[in-house]
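Chains as they are written, first to last, in this note's numbering: chain R, 1 to 265; chain C, 1 to 450.
Since the hints were derived computationally from the structure, they do not count as laboratory data. Please note that a few of the clues may not be correct.
Which residues of chain R face chain C? A partial, calculated answer using Cβ under 7 Å [stated by the list, open to error]:
no., residue
1, M102
2, F110
3, K123
4, L127
5, R174
Ideal Cβ placement from N, Cα and C applies to all residues, glycine included.
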Amino acid sequence: MEDMSLTERAVTTDDIKITARNVQVHYGDTHAIKDVDVDILDKTVTAFIGPSGCGKSTFLRCLNRMNDTIDICRVEGDIKLDGEDIYDKRVDPVQLRAKVGMVFQKPNPFPKSIYDNVAYGPKIHGLTKNKAELDQVVEDSLRKAALWNEVKDRLHAPGTGLSGGQQQRLCIARAVATSPEVLLMDEPCSALDPIATAQVEELIDELRANFSVVIVTHSMQQAARVSQKTAFFHLGNLVEYDDTDKIFTNPSDSRTESYITGRIG
Amino acid sequence: MSDATQHGAGQPATRSLHHLDARTKRRNASEKRFKALGIGAIGIGLAFLVILLVTIVSNGATAFQQTFVEVPVYLGAAKLDKKGNRDPEDLKKATTFTYKPLIEQSLLDAVEKSGATTDLAKAKDMKNLISASAASQVRDAVLADPSIIGTTVDFKILASSRVDSYLKGRVHRDEIAKDKNITVAQLDLVDQLRDAGIIHKGFNWAFIFGADASDSRAEQAGIGISMLGSFYMMLVVLVLALPIGVAASIYLEEFAPKNRITDLIEVNISNLAAVPSIVFGILGLAVFIQFAHLPQSAPLVGGLVLTLMTLPTIIISTRAALKAVPPSIRDAALGVGASKMQSVFHHVLPLAMPGILTGTIIGLAQALGETAPLLLIGMVGYIATNSPDGFLDGFVSPNSAMPAQIYEWAKRADPAFYERAWGGIIILLIFLLGMNIIAIILRRKFERRW
């Protein structure tokens, strides 16, 4: 645990962005998420940790209704974004996903140019009026994703030609381009090498200034490094949710302690 | 399994890596045997392909050559224009029967002039040397330009199919004893005329662009009009099967809920691909002709039937292509807030395009070579002699198709038809090869790597 820098872990805001109450998720007959209550804060990095199959990714995908694409998946309970129920009948998941962006485990840029990758979201949501504005959005997004300096000379080269770390940052730029309020990241570094991981982690910390970031990770070190709040999931239950400092130094639940010390997992 | 259980227990006899133990030797031997079997199978396949191609080319290549007779025909005004006024209406009254003796007499004159030694001294003896189409060829020339009446004009007319086949080595002297279409004396004359340059071979454009001809004029028959029929059918298939097939696959693959009904549809589509084509033919006969009263023998109906037949092929290959697109691309699109339809049309479909196009072209090629369903909707019996009047008329005017035409020729007796059947196969194969090459080029062009 020495490599964890646990400084500056104070939560800077108390604004609640997402409220989840009594969330249940069923995959067919499997009860994957049980009674999860969580408040996700604005301008904060929240990490979901837990052993494989504990439901942390499933819960993450509930937050922008990506689970809708799975036929057998059923979500119950209340999930509110800024006080609005996102599972309300009137909510179109397409609009929701523009507000709650997502970055996936494996970098998945479209097989198009770097520019088109980033410009796609703003284009389909009609966020820009003309080419110049779009260019600006693309540049801003790539800057936010700390990729601009590396790709500014080859915006029209295919996005799939970048290295793994660059591809993942391109995916972050793509998610950022629609000006979301929440950014969901599903193990964004698990397919990256340590250097690329460090770059993405640094980026996540910067993104906190503008977004509420929720990150699912397998790596406890990563959770400790990047997050201010940590939620520990186990067997579909939210075992403990608290400030990251507290989770890693003084967990109140014995299961959390066992997990972070490596006894279960 | 036997490898593992029989000798698995004990340690290998020798530990040296330079010495192969018995098991390794056996394993290597069986691998070698398998490789040899594979190479043998490929070899046999290639050998049959070569035999097939050699047979087709050797039998069919001669169809692209045709024997012509160059003869100066004296167009006597006394017979062709009795009134002497060159009035087109009056000229039309002179039928091909008027022209025939003129041509035969001219050929006899040419024979005498060339110094050939023959017992054939009557104009009628020349009849078997030239095509029955010669008279109409000369008559058409006169009607087109009446001013040539009274002069001698050089004509390049078709030799009869027997002469043509004799020069190509398909008709032999010892076989023609009972053939009333040609005699040995005439063949002797043909040899001399060929040496004199009056009879010679040329490239047979009429075979590629011309219409089929009756049994008595085999030398005139061409595949051009049935090629048009095939073209119209392919157009119908492409315009109907591609959008319907792709739309159906996209719906089934991306939008449809997975339940009993879609499972049933899926099984049915897979089974439809295996239904014998003649079944589609009888369906077409019942639905399109007897129920919907569409014209018989029309490429439109042929195209509709072939569309039914091609649809399963296109749907299956399109669904496979859609399935091959990584799900991460769909997630990526949905993740930035694209709707289902946007994610399909902006990202999935372009990536699936090479597979869809390949499947479509393979389906079209299959449809192009299909004969059985055409039998039932009357596209085999009918012989179109004229090209359709205008583009739209081509869909409804009775026509044949290339494979049907080949089948038709293969049934007939004259050796000239026999070689035309093989020649037609060559043209059909060239089309199929062309389509496959297009499929490969499109696949290369649209292929994207990620």
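_Name the hints, by number, that the structure is in violation of._
3, 4
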